[in-house]
Each structure stands twice: as structure tokens, then as C-alpha cells.
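A.B. asks: Residues per chain, in single letters:
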Amino acid sequence: MTKGVVLFAFNNSDIDYIKQAIYCAKRVKTYLGLPVQLITNSVDYIQDTYPFYTKYIDEVTFSPSPKSTSKKFYDGIHTNYKLKWKNGARDSAFDLSIFDKTLVIDTDLLISNDKLLKCFDFPDDFMIAKDYNLVNQNKLHPDLDRISDTTIPMYWATILYFTKSKTSETIFNFVQHIKENYNYYRLIYRITQRQFRNDYAFSIAIHTMRGFVEDCSWPSAIPSDMWVSSDRDILLDVNDNTIKLLTHKDNDYTAVKIKDATTHVMNKFSLNSFIDKEFTNE
Amino acid sequence: MDERLEKALEFSNFLETQNNQKRIFLKQYKDNLIHYAYGHKFTASTQLINLLSVLIETDQEQIVILDDNETPVTIDNPEEFMRDVVGVYLFASRKYAKDYDDIKKNRSVEGLINI
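As given, the protein sequences belong to chains S and X, one line each in that order. Numbering of the first sequence is given in my numbering, commencing with residue 71 and proceeding in unit increments. Numbering of the second sequence is given in my numbering, commencing with residue 5 and proceeding in unit increments.
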């Protein structure tokens with residue numbers, strides 16, 4: 071049985087997701103020691119711009135760019151940009167993964183321990199991140215608990231695990247159906263955000279497949295920690311498994327240090343600046 | 005800015021950073037208490053450790069306990085399972101104590117972040 075990690079990267083005009091994917095793969099190698107498959111439309115770009123990528127990425131698979139939507143990306147509390155967002159390819163993971171047991175993670179996830187390896191010991195065919203901790207403990211984010219105020223619990227497509235099984239195939243096919251009919255599902259589930267979001271699609275698929283109830287232990291949550299910092303926070307530094315951030319509070323920031331914690335860094339700009347520094351030695 | 009106000013705000017900033025770090029360490033402690041075995045999730049709580057201790061004292065060769073999702077799990081080697089659970093508890097609690105101790109020693113934001 072082969073096992074590995076799948077990453078998706080589709081660049082827009084300002085954010086280099088390919089660069090993030092290589093850095094993410096580097097951390098996968100360090101903490102999980104697993105092979106990495108990158109699914110992207112920028113095969114030439116990665117070869118020309120980051121020739122060292124082969125140290126960290128074992129397989130690059132071409133996939134056409136998914137349809138883009140427009141999204142506001144924050145870079146701390148004072149700056150934001152409206153950019154193209156191409157996040158609609160996650161449902162192809164089942165078909166494109168070269169592994170029997172696959173972990174799909176976002177490229178902005180900074181893996182800082184080996185807890186995700188536990189996934190491969192579980193008998194489950196499909197697992198997804200549900201529980202999370204906020205790096206900014208001074209701020210509540212009820213919007214991250216449910217896909218809308220009055221509807222269903224949110225699952226995070228940031229970390230997914232699946233085997234090549236019938237159950238997983240059904241989930242991914244259904245997510246594809248939700249994507250194709252997103253406006254319908256968006257209205258049914260009272261989602262205010264107009265852009266398609268993988269987290270919502272997987273949450274809806276799970277809710278449907280477990281019989282439209284909340285009180286159900288399927289699917290198992292990913293056996294790992296996941297810390298979340300929003301795009302209004304700023305990543306200052308990463309040193310091995312120690313991450314330093316400025317977390318936002320109203321119009322100010324609080325310094326935070328977090329160690330040995332797998333962290334989802336949503337501020338792509340500060341993450342990319344850090345990776346630039348990191349890659350100067352490559 | 006009046007120096008007295010500046011000092012008060014500096015202290016407030018320090019306390020906020022300290023509280024944030026304390027909450028992070030507590031959350032990490034709770035995460036570290038989780039033990040995955042036999043494809044199930046268990047929290048290495050004092051309650052679980054006590055239950056295992058009592059069951060082992062009564063010389064049970066095989067026991068059934070509920071995991072965190074209240075699913076029954078048959079444990080064929082309770083003593084080995086107990087050792088693992090206690091190991092998880094000891095690691096998590098010692099790490100938490102050390103992290104907390106480091107916080108107490110630092111009296112500035114810079115000190116806290118360079119812990």
C-alpha cells in the first residue's frame with residue numbers, strides 16, 4: 071500500500087502557491103518523511119523557477135486551472151487585495167492521487183510535528199479536520215465553527231485523508247456535484263459567501279452522507295492538531311517547529327509564539343515573504 | 005504620552021501576551037493528552053487512568069472501555085495499554101509544567117516570545 075501527501079497549487083497574479091507548495095513539501099519531508107505529489111497547471115513554471123523542487127516534490131501532475139473567483143486577501147489588519155482565487159480542484163484528489171492512502175493538505179499548512187502520520191494507522195477510509203485551535207486566543211471566531219449561523223458544522227478541507235475506496239469515491243464525486251450546483255447548495259445551506267469554498271462543499275457532503283444529522287461519529291476527525299491564524303495576523307518567523315506571529319486585536323497586534331504545533335497560516339503574503347528568505351539558501 | 009499611562013499600557017500588553025501564551029499551552033496540553041490506539045481516540049484523563057488501574061488490579065486479562073466517541077473497544081493487553089496511557093499523561097503534564105514555568109520567569113513581551 072503506497073502512502074503520500076498531495077498538494078494543489080494554482081498561482082494567481084500576486085500569490086505564488088507553487089513556492090508555498092515546495093516549502094510545504096519540505097516540511098512534509100522533515101516531519102512526516104512521506105512522498106509528495108503536486109497537482110498544478112504550472113509544470114513549466116516550477117521547473118524553470120524552482121529547479122531544486124525535486125528535493126522535496128516527488129511527482130508533479132498536470133491539471134488545468136480550476137475556474138477562478140474573486141476574493142479579498144488580507145495582509146494584516148491594514149492591507150487587503152482583491153485577487154483571483156482558484157480553489158476548486160480539491161474534488162479531483164481522488165482521481166489524481168497516485169497513492170493508495172492519501173493525505174491532502176493546503177500549501178499554507180506549516181507541519182510542525184509527526185502527528186499526521188497517525189492517519190495511516192486508522193482503519194477509516196475517509197477523515198477530515200474538524201477541531202482547530204486559534205493561535206489568537208484573544209479572539210472568538212464563531213464563523214469558523216459552522217458554515218453559516220443557523221446550519222451545519224464546518225469541516226476543514228485544509229487536511230483530508232482518504233483511501234482509494236468506494237466511500238471516498240462517493241464523497242469526492244458528491245463534492246464535485248455540489249461544486250457544479252454550488253448556487254443551489256449555497257442557498258439551501260444559507261451560505262452568504264458567493265465564492266465556492268472546499269470547506270463548505272465537504273461539510274455539506276458529510277452532512278448529507280451521514281443522514282442529515284449532527285450526532286454521528288462519522289467521519290473521524292484527523293488525528294492531529296490544527297492551529298489557525300487568520301489572514302489579519304502576520305507571520306514573523308519560522309524556526310524549525312517554532313512559529314512566531316503577530317495576531318490581530320482590533321487595530322493592534324499581540325505577539326505570539328507557538329511551538330510543535332501544525333499551523334494553518336492564512337496570510338499568504340507574510341508566508342511568501344518568509345519563504346523567500348528561507349529559499350535563499352536553496 | 006504620559007509616562008504613567010505608557011507604563012500601564014506596557015503592562016497591559018505584557019499581560020495580554022502572557023494570557024495568550026498560557027491559553028495556548030493549556031490547549032496544547034489537552035491535545036497532547038490524546039492517545040490514538042487500535043484506530044480509536046482516547047484522552048489520557050485521570051478518570052481513564054483510574055479505571056484502568058482498578059480493572060488491572062482485579063486481574064482482568066481482557067477489558068472493554070469506551071473511546072472518546074463512546075465506541076466500545078476491546079483491549080487485549082490492559083497493562084500495556086495502561087503503560088501507554090500513563091506515558092502520554094506524563095509527557096503532556098510535564099511539558100505543560102515546563103512551558104508554564106518558562107512563562108512565569110519572563111516579565112516582558114520580548115522575554116515571552118523568546119521563551
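Misleading hints may appear alongside valid ones.
To be verified - Here are the simulated lysine-lysine pairs, BS3-like style, with alpha carbons at most 27 Å apart: (1) S/Lys-236 <-> X/Lys-45; (2) X/Lys-109 <-> S/Lys-314; (3) S/Lys-141 <-> X/Lys-109; (4) S/Lys-200 <-> X/Lys-109; (5) S/Lys-319 <-> X/Lys-108; (6) X/Lys-99 <-> S/Lys-141; (7) S/Lys-99 <-> S/Lys-209; (8) S/Lys-327 <-> X/Lys-99.
Calculated from the structure, these hints are not laboratory results.
A.B. asks: Quick check: which numbered hints come out false for this structure?
C.D. replies: Hints 3, 4, 6 and 7 not satisfied by this model.
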